[in-house]
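Participant: Sequence:
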Amino acid sequence: MSPRIATVKPLPQARLLLGFSNGEQRLFDASAYLDKGIFTQLRDPDYFDRVRVVGGHVEWPGGQDFSPDTLYLRSDPTATPCDPARDMQGTA
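Heads up: the sequence shown begins at 1 in the working numbering, then just goes up one per residue.
Derived from the structure by calculation, the hints contain no laboratory data. A hint or two may mislead.
[As the list claims (entries may be wrong)] Just the calculated beta-carbon pair ranges, DEER-fashion:
no.	residue 1	residue 2	range
1	Met1	Asp46	32 to 42 Å
2	Thr40	Pro12	17 to 27 Å
3	Asp65	Pro45	13 to 23 Å
4	Met1	Asp44	29 to 39 Å
5	Arg74	Pro12	26 to 36 Å
6	Pro12	Arg52	29 to 39 Å
7	Arg43	Gly23	27 to 37 Å
8	Ser21	Asp76	29 to 39 Å
9	Met1	Pro45	23 to 33 Å
10	Thr78	Arg52	16 to 26 Å
11	Gln13	Asp65	11 to 21 Å
12	Lys36	Pro61	16 to 26 Å
13	Pro77	Ala32	27 to 37 Å
Just so you know, even glycine gets a beta-carbon here, dropped at the ideal spot from N, CA and C.
Let the sequences and hints guide you as you build the complete structure.
Facilitator: Written out as structure tokens, the structure is:
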């Protein structure tokens with residue numbers, strides 16, 4: 001089981017900067033999902049920016065979401081460690 005999402009920050013080009021409950025900071029590229037079903041709405045940068053952390057995963061107002069396992073396994077570590085209690089506080 002992967003750590004839960006503590007913070008999320010939307011970035012240009014359909015990427016998410018994620019802070020995990022274990023203190024790791026990782027970068028997730030959502031672009032591969034934007035042509036699939038309900039994820040097509042995420043192509044709109046203004047809508048993509050409305051991402052938030054809900055119950056340890058990320059979610060958008062229309063119900064689109066990614067599980068912590070998907071986000072952790074399909075993301076790349078960043079060079080800077082993350083402190084989930086600091087910075088983004090679970091919202092964009």
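Participant: Would you mind marking each hint as holding or not holding in the structure?
Facilitator: A quick look at each hint next to the structure:
1. One distance hint, 32 to 42 Å for the beta-carbon pair methionine 1 and aspartate 46, holds here, with the actual separation near 33 Å.
2. In this structure the supplied range 17 to 27 Å holds for threonine 40 paired with proline 12, their Cβ-Cβ distance being about 18 Å.
3. Judged by the Cβ atoms, the range 13 to 23 Å given for aspartate 65 and proline 45 holds: they are separated by roughly 18 Å.
4. Distance hint check: the CB atoms of methionine 1 and aspartate 44 are about 32 Å apart, consistent with the given range 29 to 39 Å.
5. For the pair arginine 74 and proline 12, the beta carbons lie near 19 Å from each other, so the given range of 26 to 36 Å is not met.
6. At roughly 18 Å, the beta-carbon separation of proline 12 and arginine 52 lies outside the given 29 to 39 Å, and the hint is violated.
7. The beta-carbon spacing between arginine 43 and glycine 23, approximately 32 Å, falls within the hinted interval of 27 to 37 Å.
8. Distance hint check: the CB atoms of serine 21 and aspartate 76 are about 18 Å apart, inconsistent with the given range 29 to 39 Å.
9. Our hint of 23 to 33 Å for methionine 1 and proline 45 holds, since their Cβ atoms are close to 32 Å apart.
10. Under the hint 16 to 26 Å, the C-beta atoms of threonine 78 and arginine 52, about 20 Å apart, fit the expected range.
11. Taken as a hint, the range 11 to 21 Å holds for the pair glutamine 13 and aspartate 65, whose Cβ atoms sit roughly 20 Å apart.
12. Between lysine 36 and proline 61 the beta carbons are some 18 Å apart, a value that agrees with the proposed interval 16 to 26 Å.
13. The hint said 27 to 37 Å for the Cβ distance between proline 77 and alanine 32, and at roughly 19 Å that hint is violated.
When the structure is compared with the earlier hints, violations turn up for hints 5, 6, 8, 13 and for no others.
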